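Here are the chains, one letter per residue:
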Amino acid sequence: MEIIESTKPIYAILISFFATFLIAFAARSPNLRESWTVIAALIKFGIVMSMLPIILAGKTIEYNLLTVMPGLDIAFRVDAFSMFFAITASTLWIVTAFYCIGYMRSLKEKHQTRFYMCFALSLSAALGIAFSANLFTMFIFYEMLTLVTYPLVIHSQTAEAVKKARRYLVYLLGTSIVFQLTAIVATFYFAGTLEFIPGGILAGTASDMVIVVIFILFIAGIAKAGIMPFHVWLPEAMVAPTPVSALLHAVAVVKAGVFIVIKILLYVFGVDLLAELGLGLALAFVASFTIIAASVIALQKDNLKARLAYSTVGQLSYVVLAVSLLTPAAIAASLMHIMVHASSKITLFFTAGAIYAATKKKKISELDGIGKQMPLTMIAFTVGALSLIGVPLFAGFITKWYMATGAIEAGHLIFVGVIIISSMLNAAYFLPIVRAAFFKPLPEGEHPKVKELSGYTAFTVVPLLITAVMVVALFFVAPWVMVLAQLVVASVIGGS
Amino acid sequence: MIMDIALLLLVVICAIVAIQMKDLLSAVIVLTVYSLLMAVIWFVMDAPDVALTEAAIGAGITTILFIAVLSRTRRGETEHNTKVRRFSPRAGLLIVVAFGAMLAVGTVDMPDFGDPHAPAHTHLAERFVEMGYQETASPNLVTAILICYRGVDTLGEVIVVLTAGMGVILLLRTTSRRKQLTNNDGYKPIMCSYYDRADKTTKVVKGEIIRKVVARLSIPFIQIFGLFVIAHGKVSPGGGFQGGVILATSIILFTMAFGMEASRKRLAQWKTDVLNVTGALVFLALGLVCILFGGKFLEYTVLPLGCDMWTNKIAITVAEFAIGITVAGIMITLFIETAKRDDK
Amino acid sequence: MIANIIENIPGLVVLIVIIAASLIPLVGKSRPVLAWGIAVIAAFLSFIMSLYILNVVMTTGKIRYWFGNWEPPWGIEYVFDPLSAFVLTLVSFVGFIVLVYAKKSLEAEIDPERITYFYALYMLFIGGLMGVVATGDIFNLYVFLEIAAIAGYALIAVGRRREALMASFTYLILGTIAAAFILIGIGYLYMATGTLNIIDLAVILPEIYQSKVVLIAFAFFTVGLSIKIALFPLHNWLPNAYTYAPSVTSIVMAAIATKVGAYVLIRVMFTVFGPEFELTVVHVTEVFLVLSVVAMIIGSVLAIAQTDIKKMLAYSSIAQVGYITLGIALMNVTGLTGSIMHILNHAIMKACLFMVVGAIVYRTGITHIHDFVGLGKKMPYTMAAFTIGALSMIGMPLTVGFVGKWYLTLGSLEAGMWYIIPVILVSSLLAVGYLWRLLDNIYFKQPENASELKTVKAKEAPLAMLIPTCVLALLCIVLGTFAYLPISIAEEAAKVLLRY
Amino acid sequence: MMEFILGKYNYLVCILLMMIGFYAMIAKENLVKKVIGLNIFQTAIFLFYISVSYMEGATAPVVWQGQEGVLYGNPLPHVLILTAIVVGISMTALALGLIIKIYQEYGSIEENRILELNQLEEEQNLKRAGR
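Residue numbers (my numbering), protein chains in the order written: chain B, 1 to 496; chain Y, 1001 to 1344; chain C, 2001 to 2500; chain A, 3001 to 3131.
Treat the hints as calculated values from the structure; they're not laboratory data. Among the hints, erroneous ones may be present.
Using 30 Å as the maximum straight-line C-alpha spacing, the simulated DSBU-like pairs for lysine-lysine come out as follows [unchecked claim]: (1) C/K2311 / Y/K1271; (2) B/K110 / C/K2454; (3) B/K372 / B/K362; (4) B/K108 / C/K2378; (5) C/K2459 / A/K3127; (6) Y/K1313 / Y/K1271; (7) C/K2377 / B/K108; (8) C/K2495 / C/K2445; (9) C/K2029 / B/K163; (10) C/K2103 / B/K363; (11) B/K163 / C/K2104; (12) B/K108 / C/K2454; (13) C/K2454 / A/K3127; (14) C/K2445 / B/K362; (15) C/K2029 / Y/K1340; (16) B/K164 / C/K2495; (17) C/K2103 / C/K2495; (18) B/K163 / C/K2378; (19) B/K110 / C/K2445; (20) Y/K1265 / C/K2029; (21) B/K163 / C/K2311; (22) B/K163 / C/K2454; (23) C/K2311 / C/K2378; (24) C/K2103 / B/K164; (25) B/K110 / C/K2103; (26) Y/K1265 / Y/K1313; (27) C/K2311 / A/K3127; (28) C/K2377 / C/K2457; (29) B/K440 / B/K164; (30) B/K110 / B/K164; (31) C/K2378 / C/K2454; (32) A/K3127 / B/K163; (33) B/K8 / B/K108; (34) B/K108 / B/K361; (35) C/K2378 / C/K2457.
Note that the structure is a prediction, hence the values are computed from the model and not measured.
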């Protein structure tokens, strides 16, 4: 495989970092400040996309920034797998940047400068995770992501926000320090390196027992992936403003979590080692449990964002489940699902935020007839929901299809069952919302005409329409995406 | 042997009495006796330099400082039934016994007392004894080591004294608020310093004349003796420390006899402040001059003062005087700062 | 002439500080600012010299400077190996930078008439510590230890509140006990070997490892030094001493006093007695291991319980000392490297944090953490420095705190003691607990009642205080990011100590 | 046993004295008593050093010019103890200075009483702050 040395990944990471300063200096003039955000998002997207042709040509980009300690480098590597996450995050940031403007201004939120600064920083961290070439670099950006999203979660600074944000921090920082760092140290001690290498670095370096322990530590240490019982922080983080929930707690942060899980499974342990020790199967069961349990909990939530949050927990475990099946189709499905879930879930969160910005409604039971007030919004919501349920013509269908194929390939039909049951549960918690929105009458006294596309509200509605279109489009461009996925699969499973 | 053991027993008794007496003034007096006995023991053990120092510092200055403090605080030790109890005596006893037991275990492998073949006497000490006089021109080997071989230690020692003096100045020399406090420990309150009585009384107190006359007569002799001890440090026991303390004693005696104000008139505060650091600076300068002449710090022999013998003699004398100056200054400072009367 | 002076730098590096200390009462009598000027110049020169020494040691090896040109073991020598050069540089650097900071802080916290002597004692304190680090003679070490100790007691006692006096006295009693133990240890060693020179001792001692005199000497050294570094359960003096001392004293004490104690402990354990002694004769490492672990946990838990920021930082120091002794107890190069790196980390990070506290006290006079609401807005740069220091304490990657912890965890694995790792990490987590509560108050908490806000009049700290604080904060990051350099020194030092 | 004690009686007395001083330092409440203990403790250590330096049949280490074959005592511990005595007085002086200040501020030189006063003050402060 050809390796190209290039500083592009660093620019991609740093662009939003520098934007932070510009945003800080433009604190007095909101328009300039938001322009910086948008410009940074566009440039970032441009840089990421400029790397795509190189990757599609089967090359990788590497850059070793500096050696911190003997054996610990800050190094970046862009391969096909990184691109899945990088493209998702950088594309959706553009959309979210506009959405933020609408949401924050129509709600007249305080501390907006801090908000935009932290937002830009968290994108830096997300891309840092995507491009990291070793566990150490990844760990740095993982911690950075936790720290810079903390001010976003605590944004409202109410007593409730402070309490929940602190729990957010304890969960994410705590698990990462206690479990993940231990696992990294152990990996370094046994393998002598922290480099991500397709096929893994741990095989044959330590006894089975030790490897199992390291595995458990890693899985427990990556709370961002939301595998039960380390999912508690995710619903709590919904106390943050909706754009944060949308981009970070449906896309960047949690996707970073599953991204890292996949990366560690495939590039630290390696498919063969996992299969040999039966770890993949074990993880698949944990993920399955999370999928079902989260869906059941989601059913009981009346708060729209809470329901979406539990849905996220479940959907993340799809990714984990798929990869832990360890077959080519399933791995491809899991990569694909990163994109699919991101675009679908961000649409749903955008809708929740748009509804709140326009009508101050948070609960599902209040949404009767809202389809008449905000038809466009609710159509987009329907698109997102159908995609996640797995209806054909929407992106979600593709991943579920491949996932099921993968399960059959692996010979574990039980997981096909899990997928079917959970799809039914998905339908059970999404469809009633759609039904209530379109077919139930508005509560008395409410005016059916809300200006959906006027003032700042327009900024919230247009982005969600765009993402809805993306969800549909993904279904049709899936074959091209699969090309990228095949590149990854080929590298980790040795061409099969 | 019997004499030794008797002295040691006496010392132990003194120590126990000193810590058990409720009257602190008496305890301090017993402590003085303890120190003096200790000096005697050391003299018997062929350590005249140390004995002299202990007599001057341990029994002399320390006692004076203790009494000064008692006169400004209170004489009695009182039991308080307080809620806060930091440390029970029984736990203390336990720790102390463990501590003693550990030390005693160590004695098992020690060479016998007085054994001339102990490692302590055969390694470093041999060269000091054999070559000390030739290499330093100082017949008193203690001085030879003190000023020459281990000159930096001695410099450090001067700095320690200086540090303590500065520390006491930092603590006690302020004009900030002070509270008037009452004593309620059953002893008669001592409202002003013992040493300060002289300028407080207007009429002639019984015995005062004697005190003043004795002081007048003896002070010059004390001072000359102090200078002698300093200057002769290299040939006989004694030196800067002992001599410095003796010089300080003369001032302390003057203060006791004529009062703080009279003393301050003769020897103003700024003068002692200057004295304090002068000695240390002279010692440091002595070392630095050696560097300027191409040697190491405190390498006296590089100085162009004639033959090595004379160079060493002169350098040792300078160093002894430097030590003496600082020690004298600091001891006076310590005394005056602790013994001065509280402002009302 | 110049060549002469350069040749004598190993001695002058300490002496210049002491010379300055002796000059200060003369020169600064009427004008404290002159005292400050002399102190700053001397400290800076000393720092430059120590850098020079570090450079020479790392390029050409050990330096031995014979005072008076008397060859050791008869004379006293200064010995610089990688460890002592490293710690010396650290001490002189912190000493210098705190001095820059001290001017403003002292004006606010000390009677004007006391300032001159405060500077003199400060210099003696620094000089004493430097002497301890530099010396190669064990009795000389005791003398310099006492210079630093006596100066330290006085520096603590002039705190603003009367509790400072009692804190100082308690410290004096415990410190004197510690010093007496060390003196006993020296006496026993001298009795068994007849020498006082550290290198000479290291040669003679292996022949008489089995002697009970040596054993007891070792016991007394370790107990005495454990008091000096406030190793649990001998830490009682520390919290009050740090809390009630003037800010400047708290900074230097927290940053370098216990670190120098740790240095001496390492020196005694590894150079004087030698690693063989601990491994074959006393098995003291297990004891240290247990005490370190307990210190790391208890210190952090007690820190969580505090509401006074200085006390909180003081208890956290007790936990941090646990890290240092842990690295010593591991008895391998990686662990010891971690220990030395943690000495560096703790010195810089604690100095930074205490400087921030001093700045807060300077502007508002508050130390109670519930009163800190709103400081993030009022003193943004100071608080940014605090945040960085806090991250370094937690051990975030790319701060210097991470480096030490990384090596300690790796060292525990190497020693086969994987069960230490959770303790290290849980202790870090507890640090998150108490620091984050503080950061929440500073940045995010809303004042319940605006009129009760004690930070209304606060504003950014004066530049003379802000710059040193920010320099230290930056160092936390720079040394954590470009950790290669300090690690190479620390690793070299560890190798020398373990005789590889 | 007897031989052991006879051979080392001096060291054993040193240890006893150290114990007495140490006890006073940690178990006595009165601050002045603590300092008295400190003095006893230190002097006991000095005695130990001097005992180490003692040599049967030797004389004080001052060279007698022109005389051969004189056995001189070991001067090194004497030097060390000279230094240590000075350190001792320094420590004592500072401790006594502190006691004077403490008495001025608290009106007591009993440790427990002072700590109690500190605690009372702390409680009052907390009450005043309403926490």
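Those earlier numbered hints the structure runs against, lowest number first: 1, 8, 9, 10, 11, 16, 17, 24, 25, 26, 29 and 33
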